[in-house]
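*Asks:* Both chains are given apart, each in its own frame, so use the hints to dock them into the complex.
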Amino acid sequence: MRLTMTVNGAEQVLDDVWEGESLLYVLRERAGLPGSKNACEQGECGSCTVYLDGAPVCACLVAAGQAAGRDVRTVEGLADGDELDVVQQAFLSAGAVQCGFCTPGLIVAAHDLLERDPAPDDATVREALSGNLCRCTGYEKILDAVRLAAARRAEVRS
Amino acid sequence: MSTPTRSAQDLSVPIAGGVGASPDRPDGILKVRGEFAYSSDLWTDDMLWGATLRSPHPSARIRAVDLTAAVAMPGVYAVLTHEDIPGPHKHFGLERIDQPVLAIDRVRYQGEPIAIVAADHPETARRAAAAIVVDYEVHEPVTDPRAARADDAPRVHEDGNVVRYARIRRGDPDAVADVVVRGEYEVGMQDQAFLGPESGLAVPALDGGVDLYVATQWLHGDQRQIAPCLGLPESKVRLTLAGVGGAFGAREDLSMQIHACLLALRTGRPVKFCYSREESFFGHVHRHPATMRYETGANRDGKLVYVKGDIVLDGGAYASTTTAVTGNAVSLGAGPYEVPNVTMDVWGMYTNNPPCGAMRGFGSVQAAFAYESQMDRLADALGLDPVELRLRNALHEGSSMPTGQVLDSAAAVREILTAVRDLPLPADPGPVRDPLALPGGAGNTTHGEGVRRGVGYAVGFKNVGYSEGYDDYSTARVALRVLGGEPVAVVTTAAVEVGQGHVTLQQQIARTELGVEKVVIPPADTGVGSAGSSSASRQTYLTGGAVQEACRRVRQRVFDLVGGDRTLELTGGKVVTAAGETVADLVEVLGDETVEETVEWHPRRTRELDPETGQQSFAHLQFGFCAHRAVVDVDTELGLVKVVELAAAQDVGKAMNPEAVRGQIHGGSAQGMGLALMEEIQVSGGKIRNPSFTDYLIPTILDMPPMAVQVLELADPNAPYGVRGAAEPPTISAGPAVVAAIRAATGRPVDRVPIRPQDLID
Ligand code: FES
Ligand code: FES
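So the sequences go chain by chain: A and B.
First residue of the first sequence? That's 1 in the UniProt record's numbering, and the numbers climb one at a time after it.
First residue of the second sequence? That's 1 in the UniProt record's numbering, and the numbers climb one at a time after it.
These are computed hints drawn from the structure, not numbers from a lab.
Owing to the predicted nature of the structure, the values given are computational and were not obtained by experimental measurement.
Please note that the accuracy of each hint is not assured.
[Stated by the list, open to error] Restraint ranges, calculated between C-beta atoms of paired labels, are given here: (1) B:R63 x A:D16: 32 to 42 Å; (2) B:Q682 x A:A55: 50 to 60 Å; (3) B:H121 x A:A154: 39 to 49 Å; (4) B:R552 x A:D16: 53 to 63 Å; (5) A:T124 x B:D84: 27 to 37 Å; (6) A:D16 x B:D585: 34 to 44 Å; (7) B:E486 x A:R2: 30 to 40 Å; (8) A:D122 x B:R552: 37 to 47 Å; (9) B:P431 x A:D117: 22 to 32 Å; (10) A:W18 x B:K236: 29 to 39 Å; (11) A:R116 x B:A427: 25 to 35 Å; (12) B:E158 x A:W18: 42 to 52 Å; (13) B:G268 x A:D15: 20 to 30 Å.
[Stated by the list, open to error] Chain B residues, not near chain A, derived (Cβ > 12 Å throughout): (14) D27; (15) A150; (16) D174; (17) V179.
Ideal Cβ positions, reconstructed from N, Cα and C, are used throughout, including at glycine.
Isolated chain B (complex conformation) (with noise of 0.2 Å):
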């Protein structure tokens, strides 16, 4: 069988660069030249197209599906429904196996998928799709989540619409507080919009099983949700990495792949799928839109008695990562800040809503608008500064979390505030003003007349690592040999490179601990243990030290070779010793022998939060803080927005790749400006409206600010060279200090995010 010709790549360039070096990616030159393969470039002569006929409707009973006029078309080889599925599995789902594969019976949200079809172009397919026709029975959706809880609301699903109901109690619920602040906020749906569509290549294999090439976040995740609906063992359904056009959150879940094993097992044909903009909106989950209740007291000279929170978080259709997403915004909730008294309670829901998930910020996000507005409304009824208010409660090391996790290394809180807070100010503009550098831009809708200008702080913070009791691990196999006369090590893992930089990190950390500068970095796939997903801030970390450890087991291999001299080292091809002596030449002691080690890395276990009072003195490996400083000039005739300046600080433990870590704080903080000005995914009646790049708005070059980065390194004894993980807390911080700033330029409310211009007109 075929193996698809834009397959895998040789990332073996020699590039300089151990840890703490910003050494070129080796997958660089051919991004730039337009030759790196993604998902959607996959490409075997005989293959086939896939397309997806999807439910109109939010809630429904299917009577009947007549495929007739869809089988009779040229071109088409294959029109598959659950009935075609082989099971064990007719469903899947990363928490709970919910989801079907193809609608049975019953359509749970709009978009959700009921038949698949095969042809020999991309356009014959989605024809054959759309001439299924599906005889439905139309029902009312549900789509409040919070009045999905009532016992007599209608049910998503058989058991209940309660996906997970977690609580925090501690300290005293009865606490009273000299000033007290309350407010309702809401957050939208969010969607993470990555550039590269959901695709891949399924090739049927002679041993009866699937090979898979996709554009996913966790290979083996994939892969177990995948085989027992084709009724196939894991080991004949192999999957590869294709290159991936950024993820996000929005590859945890499935979309595809099952679709396309189903088709090219069917037909005996290589299957590409390749989502349209408009599918992709329907073809993964989103943030969980929330609504948050709080009420903040504290003493009047500003130290925090008591939070209490009440978060609604809409899961949609089927509970994806719900049950996480729901354990992070009640463990984190009430902020980076030490609180003697909490009381938390979050619901994650079905609905007949799109189904959300995984987005960077995974319930962090959603809570810290609240918790922040909060320390906002506090400041002002204290008649204190925002700044001085979060530092004197700020979390640092040794602090209580309200679960009662003491924090056991740096909680850099204060550092990063006063970080931010000390930059200098972007200059005072003047009276005369460019249009373009104010806010509506090229619409030149203002001379600067009514335009107000305002500062704001924000800091949140998030989980790193996968949490309460899941054992999370990852795994590399590292070996070293002399290729072409030079020593060059081979470093394999199933780690997802999603953009991030993952690919150069672990060439990075090979160069350090092994001495040698030429490392290859094969394709990731299943021929090796898992790595856990590309999520979670967790990769750097996870398998950061599991990359680390397989080196050091080499290294120790190959000082047995010249001796068992524990206190050698590898450096520049050759075994020194510590005072610099050259002992031998790599070359010289490998000879023709591969020495080759495996390891399987865990790092200490979480456990589960208590169900009762939420209280675990170990429910998180990690934390990562970050605080932003927002500038902003209003329109406060137009209700348009400018964001000046977007400054960080964040503590990552250690830049293992600075200017990396450096593109990860800029493009997190775009993320979370993009939620708080512009990004929403506009449902009602459980319809998305607006499933486009033209109405569904993210950033552009004209709406970003230039944003100042201030890097901490506060070691973490716990993790590899001391790191924290970097990708998800800018995302977190950066759209509460955008409206900060924007409640101080207006000094009005804003309590939902994204912001609309009528929020802030009267």
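Only chain A is shown next, with the shape it has when bound in the complex (with noise of 0.2 Å):
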């Protein structure tokens, strides 16, 4: 099948998609777009986590078919250019990335939290990053990393 959407602000127009694909493997391996990542492909890690319409989802548990005319942002559309979106700066200064393949979800995860809630307590943050793994880092730097993003957030504001 033909796959239109909007990637990232642009509209990507797929051919021979096939219908069992998800969003995961067609931003992968069809739109040139690896950084959502694969770890389990079965909607338990997050580390596919992209925003369709504005909204997080785990881009393998949605049929490709079902992204067609909608809106993806995924990781590689946060940052401005060459500046680092104030999470992805965040979670590099903390320490928050070890092998990294976590990241990209949970920085997709981080960034839609604080966009609906500037200020979160820890058990807040915990309860928003609940459904996104990292074997690496025991989340120790991970809540830092939140805690120092949603602190130079407000410093830009105000």
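*Replies:* Structure below.
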């Protein structure tokens, strides 16, 4: 089938998409955007988290056809050119990145959280990120990163 | 032939920060942007996808394999079985070459690869693999490793079921003690559960060889095993590291490497493999399950008199690293304590269960659950505080191990135990509590009734580097030259970055030794000598040592260029005197010249344990120690546990990168806690029942408590910068501390991990 969708602000027209493919597969293997990760492909790890029409979803659970005509934003679409998004910079500065395989999904999830709740307490952060597995960090520095990102966003606004 | 479009990354962003600082990771920007190329991201225009047909049976003879339907499928380019392996080897293995690349006439575990397929779409490849018809004669699997020791037990391999039996006989085997405690303990099968699936891309080369881009823990270890199966010299099997999404031991053994190379060489096209999560559970080895019987004797004053241990480790169908895991369990099995009389017997066994091998903690994790449980039992029997009992028996510098090895550098058991003990305890929550913070969490299963708090302690230790006579070494090539008007160091090694931050560390060392800011780390590949594996907590010590030595030789040659004064220093891109006066600018001294040195760096050589007595004065290069204090709330009515806090103290010799060290302690602690509370591959009848993240649970951010960390720096004078391997010790003590806290809260014995709710209620 032919699939047309908007990805990171640009229209993508993809041909020969097999109906059984997921949005994650199409992004990674057909659209040249492998930033969203494929750690489980069954909705358990959150490494594939992307925005679909502004709402975070597991791209592995979305059939490619369901994304037709819709707006997708991936981790590759967060930075403004060379300028990292505040959340990306915070993950880097806080040492929240080890192997980094969980990072794209966590950054999208944390980005979404801070859009909704600019000053979340720790319990809220834990709840919001509980669908994103990380095997390397024990999550301590991921919490640090979200706290840091929230603080920096507050600075920018004030 | 095409090279992958998503491959080598230029890790050359200038970042200040030498040894002792915590600079940003050079791969960090790529990782947060989603642009870092993991092995699963590799891609070329003309690539094919590989898939694997695996045995559904733990033990069977293969009567026939019919490939007809698979070969006939449109889009399928090759279907291979063991008959297509050029050889001379058709087997591989890290310590013992016993594992078939593709099954030959029989299968020994569920998930054993039988045939491989290359096709133009991953789904086509999977369907073709599923269309292969195998005629099995199914056998009763050998699943009990203790029973497998019997002479008349059915044999998994012709030469018997014992991979290794190791023992220690020290002191008086008949020593008697005032107080004796006994216990039987069991550790379930843990999975490394890295997030990045097994994957890679094999590209056939014009010279008849193959280039493999892969996520592994040891490029040269892979190369040594792959080449003889392809009928190629090692020089024609070139490996380049692709981005690694975690490892924790699971990438020490080969998975898809030989399969991808075979298919690429057969089809003449690049072939990519990427396992699904389910396949990953069958595609790598796990942590050895263990059953352990211990008897510990002590005097009334709490001094240990003897430890007797009997440990059986289930190695599953193939040897993998079972011999070394057995060696660790036997030599570290009495714990980080002074024990005059030790009798230890450890068996590493073959069964038809899933193969087990390396996982963070490697033989020490299992034993620590037993020896720390025994210490708590003993403290109870003596009426002593559990920390006090440990302090009275703690190893220290100059102590003798049960092997007879004398500890020749700091053994900070007392220091780390007192450090965690003295940290303030989390505040008493009071009577009214948020259900989210209680056991059961969002399940809203309690409002605090039946919830009891407990505090527990544990300490553990681990050998660093390869042991028992293995010639451990690493190789580094360091070049210093002028690039774009500034001095640049290029550090080339084959050391694998698995996430731990080794690339950052190499840059830090070069900055400190050569006084330049810009350090380039080219992708790790087999174009330089072996670095050994990223395992055994060894890379900072080993490759760190090699990089340091290569830098120092480069520095000496620079000093030779300005007259050979050995008291000079390199700093800020200048050659300076000890008094800080500038002698010359590095840019001018170097001119067009590249000063390059390659070093193969060997630490002190360890030696083998005596097979009769397990005695050896230098079986291990170094030891790392970590202690934990866990605070838990247990719902004693439902058997649910909430870990409230998990504090750690660890001696790392020198915190080369303090934040990276803390990250290792956090992550290692989480894995230890996971083993105590939730992580188990459930195997029955030789079959894995839960091969998914739906059913194999690892800690989420809701499960993890705050983790206070104390890092001690008691230098090891024998190690580069005084460093002590840091990655594994936290995984060893975290679990036993959590279990101790649960015992304190419930009064129940708890002799098996992971703990199930039914273990905590009547
Ligand atoms: S890959 Fe989508 S949730 Fe794991
Ligand atoms: S950093 Fe490796 S999984 Fe999170």
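*Asks:* Starting from the hint list further up, note which numbers the structure goes against and sort them upward.
*Replies:* 2, 5, 6, 7 and 14
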